[in-house]
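2 protein chains.
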Amino acid sequence: MTPDDLSARYRDYIDVLNRQDWDRLNQHVAASVCHNGRQIGLEGYRAMLEGDFQAIPDLRFEIALMVAQPPRIASRLSFDCTPLGTLVRPAGSWAARAILRKRVLHL
Amino acid sequence: MTPDDLSARYRDYIDVLNRQDWDRLNQHVAASVCHNGRQIGLEGYRAMLEGDFQAIPDLRFEIALMVAQPPRIASRLSFDCTPLGTLVRPAGSWAARAILRKRVLHL
Chain A
1 MTPDDLSARY RDYIDVLNRQ DWDRLNQHVA ASVCHNGRQI GLEGYRAMLE
51 GDFQAIPDLR FEIALMVAQP PRIASRLSFD CTPLGTLVRP AGSWAARAIL
101 RKRVLHL
Chain B
1 MTPDDLSARY RDYIDVLNRQ DWDRLNQHVA ASVCHNGRQI GLEGYRAMLE
51 GDFQAIPDLR FEIALMVAQP PRIASRLSFD CTPLGTLVRP AGSWAARAIL
101 RKRVLHL
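Chain order of the listed sequences is A and B.
The first sequence begins at 1 in the working numbering and counts up by one.
The second sequence begins at 1 in the working numbering and counts up by one.
Hints may be right or wrong, so weigh each one.
Claimed, not checked - From the derived model, a few chain A residues whose C-beta atoms are all more than 10 Å from chain B:
1. GLY44
2. LEU49
3. PHE53
4. GLN54
5. PRO57
6. LEU59
7. ILE63
8. ILE73
Claimed, not checked - Derived Cβ-Cβ restraints for the label pairs, each shown as a range:
9. GLN39/B x GLU62/A: 16 to 26 Å
10. ASP5/A x GLY44/B: 33 to 43 Å
11. GLN54/B x LEU84/A: 39 to 49 Å
12. ASN36/A x ASP4/B: 39 to 49 Å
13. GLN39/B x GLY44/A: 38 to 48 Å
14. LEU65/B x ARG11/A: 13 to 23 Å
15. ILE63/A x LEU84/B: 35 to 45 Å
16. ILE63/B x ASN36/A: 11 to 21 Å
17. GLN54/B x ARG11/A: 41 to 51 Å
18. ASP5/A x PRO71/B: 11 to 21 Å
19. GLN20/B x GLN27/A: 24 to 34 Å
20. ASN18/B x ARG11/A: 29 to 39 Å
21. CYS34/B x ARG60/A: 17 to 27 Å
22. GLY51/B x GLN27/A: 20 to 30 Å
Stated by the list, open to error - On the chain A side, residues computed to face chain B include the following (Cβ under 10 Å):
23. HIS35
24. ARG38
25. ARG72
The hints are simulated quantities; they were obtained by calculation from the structure and are not laboratory data.
Note that the Cβ used here is the ideal one computed from N, Cα and C, for glycine as well.
Could you put the whole structure together from the sequences, leaning on the hints where they help?
Below, the structure written as structure tokens:
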């Protein structure tokens, strides 16, 4: 897999998130996926994302920067959205999740 | 420059930081360097690092993960160190700085 192939696949993953096309999530995320060092599994990952979209109805993932070196990819994601209430997550969590994605994509 | 060349260069940069070899910082950091979107310049960058080492005498940068796609590189840095007092920076700042480094290395 070339860097361009991996980048295309990552863009497809982000597209799945933005469409909330959860039935396709397993094409990009492993059954044993870890999040911030904790194994939450595909169902846990999906539940977390569904919770994110409930808390932030206009949530949209935008790729600001991407660095691909198969089998890893790193990205900086940018967000311009409005949470309905108070988010429980710590401030650093989004940055951590951007880094997480390269781990999700250990292909 | 290949991904391996860039990775070697990044490791040399981290070595400069760990040795506090500030006279060599300009071999890795541009005069007009930006940090978290703000242009602080090489002198501002050096002053920030010197302040970090004053606040955290056992500060050491360890590369946990690296993704190189010239001209960019991304890394996850891990820290096991003990600040002397209360750090002023927000919790997410270290993660942001790990991402910054790929911008420093736009060669």
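Hint by hint, here is what the structure shows:
The beta carbon of GLY44/A is kept farther than 10 Å from every beta carbon of chain B, the shortest such distance being approximately 22 Å. At roughly 20 Å, the least C-beta separation between LEU49/A and chain B is larger than 10 Å, which holds for a residue marked as non-interface. Taking the minimum C-beta to C-beta distance to chain B, about 22 Å, the non-interface status of PHE53/A holds against the 10 Å cut. With 10 Å as the threshold on Cβ separation, the claim that GLN54/A sits away from chain B holds: the shortest Cβ distance comes to roughly 23 Å.
At roughly 24 Å from the closest C-beta of chain B, the C-beta of PRO57/A stays outside 10 Å, upholding its exclusion from the interface. For LEU59/A, the condition that its CB be more than 10 Å from all CB atoms of chain B holds, with the nearest at approximately 18 Å. No beta-carbon of chain B comes within 10 Å of the beta-carbon of ILE63/A; the shortest separation is about 13 Å. Look at ILE73/A: its CB is around 7 Å from the nearest CB on chain B, not clear of 10 Å, so calling it non-interface is violated.
Evaluation of the 16 to 26 Å hint for GLN39/B and GLU62/A yields a pass: the beta carbon distance comes to about 23 Å. About 39 Å separates the C-beta atoms of ASP5/A and GLY44/B, a value consistent with the hinted range of 33 to 43 Å. The supplied range of 39 to 49 Å is met by GLN54/B and LEU84/A, whose beta-carbon atoms lie about 42 Å from each other. A hinted range of 39 to 49 Å for the beta carbons of ASN36/A and ASP4/B is inconsistent with their spacing of about 29 Å.
For GLN39/B paired with GLY44/A, a C-beta distance near 41 Å keeps the hint of 38 to 48 Å intact. For the pair LEU65/B and ARG11/A, the beta carbons lie near 21 Å from each other, so the given range of 13 to 23 Å is met. Separated by about 39 Å at the C-beta atoms, ILE63/A and LEU84/B satisfy the suggested range of 35 to 45 Å. The hinted window of 11 to 21 Å between ILE63/B and ASN36/A holds, with their beta carbons roughly 19 Å apart.
Taking the beta carbon of each, GLN54/B and ARG11/A are about 43 Å apart, inside 41 to 51 Å as hinted. Between ASP5/A and PRO71/B, the C-beta spacing of about 20 Å keeps the proposed range 11 to 21 Å intact. Checking the proposed 24 to 34 Å range against GLN20/B and GLN27/A shows it is violated: the Cβ atoms sit about 47 Å from each other. Take ASN18/B and ARG11/A: their Cβ atoms lie about 36 Å apart, and the range 29 to 39 Å holds.
The hint said 17 to 27 Å for the Cβ distance between CYS34/B and ARG60/A, and at roughly 25 Å that hint holds. Under the hint 20 to 30 Å, the C-beta atoms of GLY51/B and GLN27/A, about 46 Å apart, miss the expected range. About 14 Å separates the beta-carbon of HIS35/A from the nearest beta-carbon of chain B, more than 10 Å, and the hint is not met. Of the supplied interface hints, the one on ARG38/A is violated, with its beta-carbon coming no nearer than about 16 Å to a beta-carbon of chain B, more than 10 Å.
Hint on ARG72/A holds. Least Cβ distance to chain B is approximately 5 Å, under the 10 Å limit.
When the structure is compared with the earlier hints, violations turn up for hints 8, 12, 19, 22, 23 and 24 and for no others.
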